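Engineer: Letter by letter, the chains look like this.
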Amino acid sequence: MLDDLDRRLLRHLQADPALPMPELADRAGLSPGRAARRLERLRAEGVLLGQEAVVDWHALGFALHVSLRVSLDKTAPRAFDDFLEGARNIPEVIEIQTFLGRVDVRLSVVARDLGHYQQIYRARILSLPHIADIESLMTVAVVKSDEELPL
Amino acid sequence: MTDLDDIDRALLRTLRKDAEQSASQLGRKVGLSQPATWRRIRALEAAGILTGRRLVLDAEKIGFGVTVFLGVKLATKGRVSLDDFERAVTAIREVQTVEHVLGLYDYRLRVVARDLADFERVLRRRIMTLPGVGNVEANVLLSEERRPGPI
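Chains A and B supply the protein sequences, listed in that same order. Anchor point for the first sequence: position 57 equals 62 in the working numbering, and the numbering is continuous, going up by one each time. Anchor point for the second sequence: position 15 equals 1272 in the working numbering, and the numbering is continuous, going up by one each time.
No lab work stands behind these hints: they were computed from the structure. Some hints could be false.
Claimed, not checked - Derived Cβ-Cβ restraints for the label pairs, each shown as a range:
no., chain 1, residue 1, chain 2, residue 2, range
1, A, 24, B, 1344, 34 to 44 Å
2, A, 46, B, 1322, 15 to 25 Å
3, B, 1281, A, 105, 17 to 27 Å
4, A, 24, B, 1320, 37 to 47 Å
5, B, 1377, A, 25, 15 to 25 Å
6, A, 80, B, 1292, 55 to 65 Å
7, A, 124, B, 1304, 22 to 32 Å
Predicted model only: the values in this text are computed from it and were never measured. Using N, Cα and C, we set each Cβ at its ideal position, and we do this for glycine too.
All chains, please: the whole structure from these sequences, using the hints.
Structural biologist: Given below as structure tokens:
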């Protein structure tokens, strides 16, 4: 469905999303008109969904980043729905993923410091329903975070 | 940075959803003039809070049907082996994020692949051959949501 030109265009845009159209077209080896038409088509097809701003939680005062790996009690029929509904109501949860594997759900949690984290963990996380097991990984350093697709 | 006001927060929330809006569009949403909006965005960038933009693509439509989160434990430790591992792992195109973590694993990776067979190839040929790599746990992503966060 995507041809080489589409991929090239997306690759350059992915590397620098703020790139103005003439510059982007030039790098991809297309005229600005053709580049714009292709991007329009990729949007219409739902391939290109948009752009989002990246926020640095550290700079916002959230120095702690913890990845919580949760196993749920799957004998409870609404385990996933109830747990996810509860997790969505915790403001400090910035990402929620569900998995096939040893881990059922992963929550990405930010906190101002250890005291704040302990408060969130005890008061909000541990009171979420149907938790069978929970493990935490604390982020020491982010080595790579561009989340680019290998186009 | 704790001196953000409600308008700054509203700007951040809006930009995290859609970073392609012009300063005048944004200004209308938060009740500011275009120049005032522009100044605030510049200030958020200067404070290191807004760090850039990310292209949002439908990975599946581009042919990346599988995303896997890996927990990696190193077999041998020491400064040199961490550097070697990080240099090698960030060079793998299918690896989207790399985090050095504290806990059950040493690193958390996010990996994309075309399908499970392609993932097996990446795992065997690229990940398992990394310098110092030990135990690896894989969880296949089923669903994902990004939350607004505590802004």
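Engineer: Just tell me: holds or violated, for the beta carbon distance of residue 46 (chain A) and residue 1322 (chain B) against 15 to 25 Å?
Structural biologist: Between residue 46 (chain A) and residue 1322 (chain B), where Cβ atoms are some 22 Å apart, the hint holds.
Engineer: If you check the beta carbons of residue 124 (chain A) and residue 1304 (chain B), does the distance land in 22 to 32 Å?
Structural biologist: 26 Å, holds
Engineer: Does the Cβ-Cβ separation between residue 24 (chain A) and residue 1320 (chain B) fall within 37 to 47 Å?
Structural biologist: 23 Å, violated
Engineer: Look at the Cβ atoms of residue 80 (chain A) and residue 1292 (chain B) and judge whether their distance stays inside 55 to 65 Å.
Structural biologist: 59 Å, holds
Engineer: Falls inside 15 to 25 Å, the C-beta gap from residue 1377 (chain B) to residue 25 (chain A)?
Structural biologist: 41 Å, violated
Engineer: Has the hinted range 17 to 27 Å been met by the Cβ atoms of residue 1281 (chain B) and residue 105 (chain A)?
Structural biologist: Taking Cβ atoms as reference, residue 1281 (chain B) and residue 105 (chain A) lie about 45 Å apart, which means the hint is violated.
Engineer: Please test the hint of 34 to 44 Å on the beta carbon pair from residue 24 (chain A) and residue 1344 (chain B).
Structural biologist: 28 Å, violated
Hints 1, 3, 4 and 5 from the earlier list are contradicted by this structure; the remaining hints agree with it.
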